[in-house]
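First to last, the protein sequences are chains A and B.
1 is the number of the first residue of the first sequence in our numbering; add one for each residue after it.
1 is the number of the first residue of the second sequence in our numbering; add one for each residue after it.
It is worth saying that the hints were derived from the structure and are not from the lab.
Note that CB positions come from ideal geometry on N, CA and C, so glycine has one too.
Honestly, I wouldn't trust all of these hints.
[Unchecked claim] Covered stretches of chain B (chain A as the covering partner; in silico rule of three or more C-beta atoms under 8 Å from a C-beta of chain A):
#1 62 to 73
#2 186 to 193
[Said to hold, decoys possible] Restraint ranges, calculated between C-beta atoms of paired labels, are given here:
#3 Gln113/B / Arg96/A: 29 to 37 Å
#4 Lys292/A / Val78/B: 43 to 51 Å
#5 Pro170/A / Leu53/B: 20 to 28 Å
#6 Thr243/B / Gly218/A: 23 to 31 Å
#7 Glu62/A / Ser92/B: 34 to 42 Å
#8 Thr243/B / Gln236/A: 55 to 63 Å
#9 Ala239/B / Gln285/A: 39 to 47 Å
#10 Arg286/B / Pro170/A: 54 to 62 Å
#11 Arg60/A / Glu214/B: 33 to 41 Å
#12 Gly191/A / Asn57/B: 24 to 32 Å
#13 Leu53/B / Glu62/A: 33 to 41 Å
#14 Pro275/B / Met123/A: 31 to 39 Å
Next come the chains, spelled out residue by residue.
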Amino acid sequence: MILAVASGKGGTGKTTVAVNLALAVSEQTTDHTGSQVILLDCDVEEPNAALFLEPTIVRRREVGVLVPDVRADQCTGCGRCAQVCQYHAVALVKGRVLVFPELCHGCGSCSLCCPEGALSEKMRVTGAIERGIVSASFQFAQGILNVGEAMAVPVIRQLKRSTIPRDSRPHLVILDAPPGTSCPVVETLRGSDLALLVTEPTPFGLHDLQLAVEVARGELRLPVAVVINRDGVGDQGVERYCQAKGIPVVMRIPMDRRIAEAYAEGHPLLEALPEYRQRFLDLYQRVQEVAKQ
Amino acid sequence: MKQLVILSGKGGTGKTTVAAAWAHLASQEAPIVIADADVDAANLELVLAPTRLETHNFVSGNVAVIDSQGCTACGTCVTVCRFGAVVARNGSYAIDGSACEGCAACFYQCPVQAIRLEEQRVGQWYRSRTRFGPLFHARLFPGKENSGKLVTLVKQHARLLALNTGASLLLVDGPPGIGCPVIATCSGAQRALLVTEPTASGVHDLQRILAIAERLRVPALVLVNKADLSPAKTQEIEAMCATSGVEVIGHIPFDEQVTRSMVCGQPVTAQADSPASVGLQRAWERARALCSV
């Protein structure tokens with residue numbers, strides 16, 4: 001199954017849940033079945049899962065956006081490319097075509113429309129994809145957006161395309177999503193079997209959870225389940241909301257200074273508090289049930 | 001008029017908590033204007049309880065629509081779309097609006113002109129009144145593209161009002177991450193306050209947002225939230241900032257009053273004597289001196 005861990009609000013514990021669920025399940029996975037846990041860190045602006053998992057990186061590939069490349073000898077300066085570009089990435093100035101690569105979404109429309117075939121495409125590197133190994137039954141991959149680049153979506157798209165197996169059924173694929181509710185989150189959630197939304201029981205947590213539910217359930221029609229982190233702080237708003245909306249709360253992680261300290265040091269929760277292993281296995285059981293319904 | 005933007009890289013480090021507290025403190029000295037540039041998951045209004053004075057629609061970009069009557073199901077659109085937005089439906093094709101980037105490649109390539117482009121209303125922006133001054137904020141509809149254009153719009157209106165009314169400060173609460181919305185937030189700012197936390201993730205993400213601030217030539221200040229959680233990581237942050245020539249203007253201790261204030265819809269500084277409140281007041285005095293507000 002493909003399980004996306006998202007939240008709306010930042011800093012609620014997405015990475016903690018993704019990393020520890022992956023570790024707990026991968027320790028259970030026996031090699032002879034061939035099934036794997038695969039964790040993709042899709043928060044390409046600020047990827048953090050590797051800090052906790054310390055994977056051995058085995059491959060790194062640059063990724064980016066295909067931008068137009070003008071062959072000056074074939075260009076007649078007709079301006080059709082500038083006319084069809086929706087992003088103002090191509091302009092015609094004094095009969096010459098100018099390309100602004102940072103604005104280009106890589107849709108390829110300009111080269112399709114060029115009557116002279118004078119536009120080819122070249123890759124503009126905006127980030128990288130790294131693949132690695134945590135254990136025999138646990139593969140890791142992350143996207144990294146280069147500092148100064150604006151568009152996270154192409155990196156996320158290529159990360160998912162190149163690392164999610166065609167038949168994901170025998171595996172547990174966990175996607176660690178970026179915060180927020182806009183395009184990078186949609187790109188991460190699309191095609192998942194379930195959105196696991198991590199929140200905290202505060203007004204900020206509730207407000208952003210509602211937005212995340214609108215995206216996951218409303219826009220993408222995915223089943224959703226909620227993990228309440230730092231349970232015990234704040235108020236009852238999240239509980240009430242989940243009950244009213246029929247959203248199952250599949251795990252509660254209490255406010256515990258030991259958890260915060262392990263997180264601060266970059267240690268997985270399971271290492272610091274091994275009693276959580278069974279709780280994350282229970283979580284896996286619950287999300288499988290919710291996804292089936 | 002000085003423009004101070006609050007950023008963090010990592011989500012959930014306390015940007016909005018600081019923004020609300022500083023809006024409270026700054027407005028006691030001189031008139032200010034406030035902007036919430038996190039249009040994706042805007043939380044500042046939960047503390048400032050704004051009264052909306054104006055609501056404006058925000059229209060940006062197009063989405064393709066296939067006319068099922070005219071469509072001959074030739075499949076050209078599927079071939080040219082690089083965003084996987086064309087889906088087969090009832091022997092014909094339809095556009096998945098959540099995947100469409102409005103590039104118009106399908107519109108131009110359709111041999112029977114059965115595709116049209118529709119303008120997309122992707123959000124709203126508001127001018128509001130709060131007890132600490134005028135607030136400009138916005139809501140991007142869930143799942144829409146956050147290109148930074150809405151952030152720029154919100155900031156432009158806030159800046160104009162600040163200039164026209166002789167406000168001393170434009171205080172901007174920013175989004176997490178390092179991509180488009182963050183780059184748009186930084187534009188025109190005199191200073192960027194980077195709120196971080198002493199965790200492995202906090203340190204990693206601070207490094208990337210420091211690089212963004214340097215690249216965009218906005219002088220940075222750093223504030224360490226929950227500084228007592230890990231003295232070792234706090235030292236690591238201080239060392240990193242010293243190397244980059246960036247001042248750490250304060251430390252906020254972990255304080256349960258922060259969550260209690262949020263639940264009550266109050267800035268932390270409404271209670272003058274809690275440990276976090278004292279830390280926020282000291283840090284504000286330093287920031288104020290450095291920004292010459």
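Evaluation of the provided hints:
no., hint, verdict
1, 62 to 73, "violated (count 1)"
2, 186 to 193, "violated (count 0)"
3, Gln113/B / Arg96/A: 29 to 37 Å, "holds, 31 Å"
4, Lys292/A / Val78/B: 43 to 51 Å, "violated, 31 Å"
5, Pro170/A / Leu53/B: 20 to 28 Å, "violated, 56 Å"
6, Thr243/B / Gly218/A: 23 to 31 Å, "violated, 46 Å"
7, Glu62/A / Ser92/B: 34 to 42 Å, "holds, 38 Å"
8, Thr243/B / Gln236/A: 55 to 63 Å, "violated, 45 Å"
9, Ala239/B / Gln285/A: 39 to 47 Å, "holds, 44 Å"
10, Arg286/B / Pro170/A: 54 to 62 Å, "holds, 56 Å"
11, Arg60/A / Glu214/B: 33 to 41 Å, "violated, 25 Å"
12, Gly191/A / Asn57/B: 24 to 32 Å, "holds, 31 Å"
13, Leu53/B / Glu62/A: 33 to 41 Å, "violated, 48 Å"
14, Pro275/B / Met123/A: 31 to 39 Å, "violated, 51 Å"
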